[in-house]
Amino acid sequence: MILGLQVIAIIFALIMIYFAYLHYSRGELNGLEILAWLLIWIVTIGIIIFPEVLQTFAKSMAIARVFDFMVIGGFVFVIPIVYLSYIRTKRTEKKLEGLVRSEALKKIRKSPKKK
0 MILGLQVIAI IFALIMIYFA YLHYSRGELN GLEILAWLLI WIVTIGIIIF PEVLQTFAKS
60 MAIARVFDFM VIGGFVFVIP IVYLSYIRTK RTEKKLEGLV RSEALKKIRK SPKKK
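Here numbering that gives the first Met the number 0 is used: position 62 in the sequence shown is 61, and no number is missing along the way.
The hints are simulated quantities; they were obtained by calculation from the structure and are not laboratory data. A portion of the hints provided could be inaccurate.
[What the hints assert, rightly or not] Taking lysine to any residue and the SDA-like style, the derived pairs with C-alpha atoms no more than 20 Å apart in a straight line are:
| hint | residue 1 | residue 2 |
| --- | --- | --- |
| 1 | K93 | V81 |
| 2 | K94 | K106 |
| 3 | K94 | K105 |
| 4 | K58 | I47 |
[Said to hold, decoys possible] Computed Cβ-Cβ distance ranges for the label pairs, DEER-style:
| hint | residue 1 | residue 2 | range |
| --- | --- | --- | --- |
| 5 | I41 | V75 | 17 to 23 Å |
| 6 | S101 | M69 | 31 to 37 Å |
| 7 | K89 | T43 | 28 to 34 Å |
| 8 | E51 | V75 | 19 to 25 Å |
| 9 | L13 | P79 | 23 to 29 Å |
Think of the CB as a built atom: it goes at the ideal place given N, C-alpha and C, for glycine as much as any other residue.
All chains, please: the whole structure from these sequences, using the hints.
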């Protein structure tokens with residue numbers, strides 16, 4: 000890997016570790032979530048520093064280049080996360096819609112009827 004890209008990638012990973020810690024300190028992430036994110040970013044830094052480690056895995060899966068292996072791994076990692084985010088957003092949307100409807104019905108029932 001090109002040294003300049005490695006430095007940029009390591010800086011990016013360190014910034015992401017900082018953001019994860021920041022969200023944890025604000026109470027937006029729990030202990031398990033911060034641990035998972037720290038593990039992900041530390042492993043990422045390890046792979047950035049020692050990219051030849053992935054060569055063994057890529058060869059064992061009959062993938063010619065490490066870059067191809069990383070792209071496939073990225074898709075395998077990102078697609079389920081996007082799907083889960085979509086499902087959670089839909090659930091939140093339905094809950095919010097139900098709450099708005101119930102509040103609107105309460106207001107209608109409480110308001111005096113006009114003749």
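Check each numbered hint against the structure and report the violated ones by number, ascending.
6
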